[in-house]
Amino acid sequence: MYVAVKGGERAIDNAHAWLAEERRGDLGVAELSIAQIREQLALAVNRVMAEGSLYDPDLAALAIKQARGDLIEAVFLIRAYRTTLPRFGASHPVDTAAMACDRRISATFKDLPGGQILGPTFDYTHRLLDFALAAEGLAPEAAPQAEASGGAVPHVTGFLAREDLIQPDPDGPATPRDLTREPLDFPADRPLRLQALTRGDEGFVLSMAYSTQRGYGKNHPFVGELRIGTVPVEMDIPELGFSIDIGEVVLTECETVNQFTGSKSEPPQFTRGYGLVFGQTERKAISMALVDRALRWEELGEDNSGAPAQDVEFVLYHADNVQATGFLEHIKLPHYVDFQSELELIRRLRAEAMQATRKEAAE
Amino acid sequence: MSDYNFAYLDEQTKRMIRRAILKGVAVPGYQVPFASREMPMPYGWGTGGVQVTAACLTPEDTLKVIDQGADDTTNAVSIRKFFEKTADVAVTEKTAEATIIQTRHRIPEVTLTEDQILVYQVPMPEPLRFLEPSEVETRKMHALQDYGLMHVKLYEDIARHGEIATAYSYPVMVEDRYVMSPSPIPKFDNPKLESAALQLFGAGREQRIYAVPPFTKVVSLDFDDYPFDPSKAPHPCALCAAEDSYLDEVITDDQGTRMFVCSDTDFCADRRAAQEGEAA
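Protein chains in written order, with the UniProt record's numbering: chain A, 1 to 363; chain B, 1 to 280.
Bound conformation, chain A alone:
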């Protein structure tokens, strides 16, 4: 006698218990602390903060621990938490010109006011596995220290703007639309596109940017400037009647300078691509700037070459990894009913096709 499988509830409970055990791993190995993840896996923490759209290194570290290092799962945990938080208000726009830079480089000028600051980068490391790291308990040698110059670090694009060589950034709406509070709607203006890109999946945005470099919507980018550092976040407090700093965030900002020979509507000049991402996330910020520039084809009067990176619906609808992974993975949920209806359809169509073939053969 056939009895339908029951016990979904117990299966789920048991699966969760097993998962918790697997997450912890071998009890003989010391447990990872949130502080260790925050300090020693900082770039993973940064990615989770950026794509989770929530600046909180401790919560991001907790999410990474809970997700067993699956960063998209960690982003999802942060997003699901974030959406429940009340909103007290909005900060002033941060002033990245006033950033305390850990790193600031320009690929377009050899030297410039504020200087080139290499900062803590992998750029010139030789990618040789450092087996010394396998031996625990060794602190690295202290890096040399110097006094901060304290001088201003003006934006590189400002120098080009003084000569009118770069297109000015037109003022956007005073209050941009909020992607997390309104449904995505087209046409999507630049602030909305930038929001989608900054929380978009790093891999997706990277590949889209890479595709423009290889000729699918080519836009000749130079990294005018890449800067990473700390900016204060300022907010008006109605009870006080003035604004105060409520904290600071680390940001990565990338401004690309793109060759532009002019179009019907615009004179020859350089144009901009812009990337701004939470934390030290420079691969993402550069990618974002390239994709931003590619998506601006319409306002600059450029041709649409049909490249994926120029298709705003394509980019914006597919950049979000929480949406993408959910829909992708949902196909492992039961689909017996749809499959059954397909099964019956295919059997019927096949029977008809076979019959027709037999009839032809007989004739």
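No lab work stands behind these hints: they were computed from the structure.
Accuracy of the hints is not assured; some may be wrong.
[Said to hold, decoys possible] Computed cross-link-like contacts, DSSO-like style, restricted to lysine-lysine with a CA-CA straight-line distance of at most 30 Å:
hint	chain 1	residue 1	chain 2	residue 2
1	B	K232	B	K217
2	B	K217	A	K65
3	B	K14	B	K85
4	B	K232	A	K359
5	A	K332	B	K81
6	B	K232	B	K23
7	B	K14	B	K217
8	A	K65	B	K23
9	A	K332	B	K153
10	A	K332	B	K23
11	A	K332	B	K232
Place chain B on chain A using the hints.
Quick look at chain B alone, frame taken from chain A:
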């Protein structure tokens, strides 16, 4: 779960969703954009349905959750548990006892009443999506009631296969105005879309809500000479002998032996209980 509001979502969010639902009811079959929230379950697991259910639930409600027609599929169990935990509402497996039924891929066999709400989980709300990938374009097509592309697709199916080769998510015309996806229910269920119950459709990832109010005209797309045919497996249920219910095909041994049983587990169990009652 005392940290969370009744049925998880905060009241402002529920209000936003209820507005979308009301608009959907006012314009049957029209996809209303709404600011879907990230839920604590993944997109694709029914976040749209869960948000609609959360916005409709009251403490007096009795909730039933089914997936593939069954109450005991893992995701149905998980969603039912979610609302037990966050809303503390009564739950049931009995279709007739439920005031709200959240479903994935099926409409219950038992005829629903005016006192019930059926909430569908919808993966792809746009019936025209696989004909036209751009949302800007499909919204325009709906606005202009420009459904020629869909009719051409159905015609091409008939030309190639001798019938319309769509077995689930079979498109319908609602109140002579909007072409609508009924979500991936088998086309066997399509006739039940004309119902006394309020039917609400939630697509979380795609940020759309739409509705079929009670007693709304819902017609499965077809041609006069190729009328719509809600087909099913040509068998009775092996457990309750029903001849008019949708059947799952179950493989029972490695020789490929198959049996067909009701997909609606509550319907099947009810019939078997009645048969045992008669026998005793």
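Of the numbered hints stated earlier in the document, which are not met by this structure?
2, 6, 8, 10
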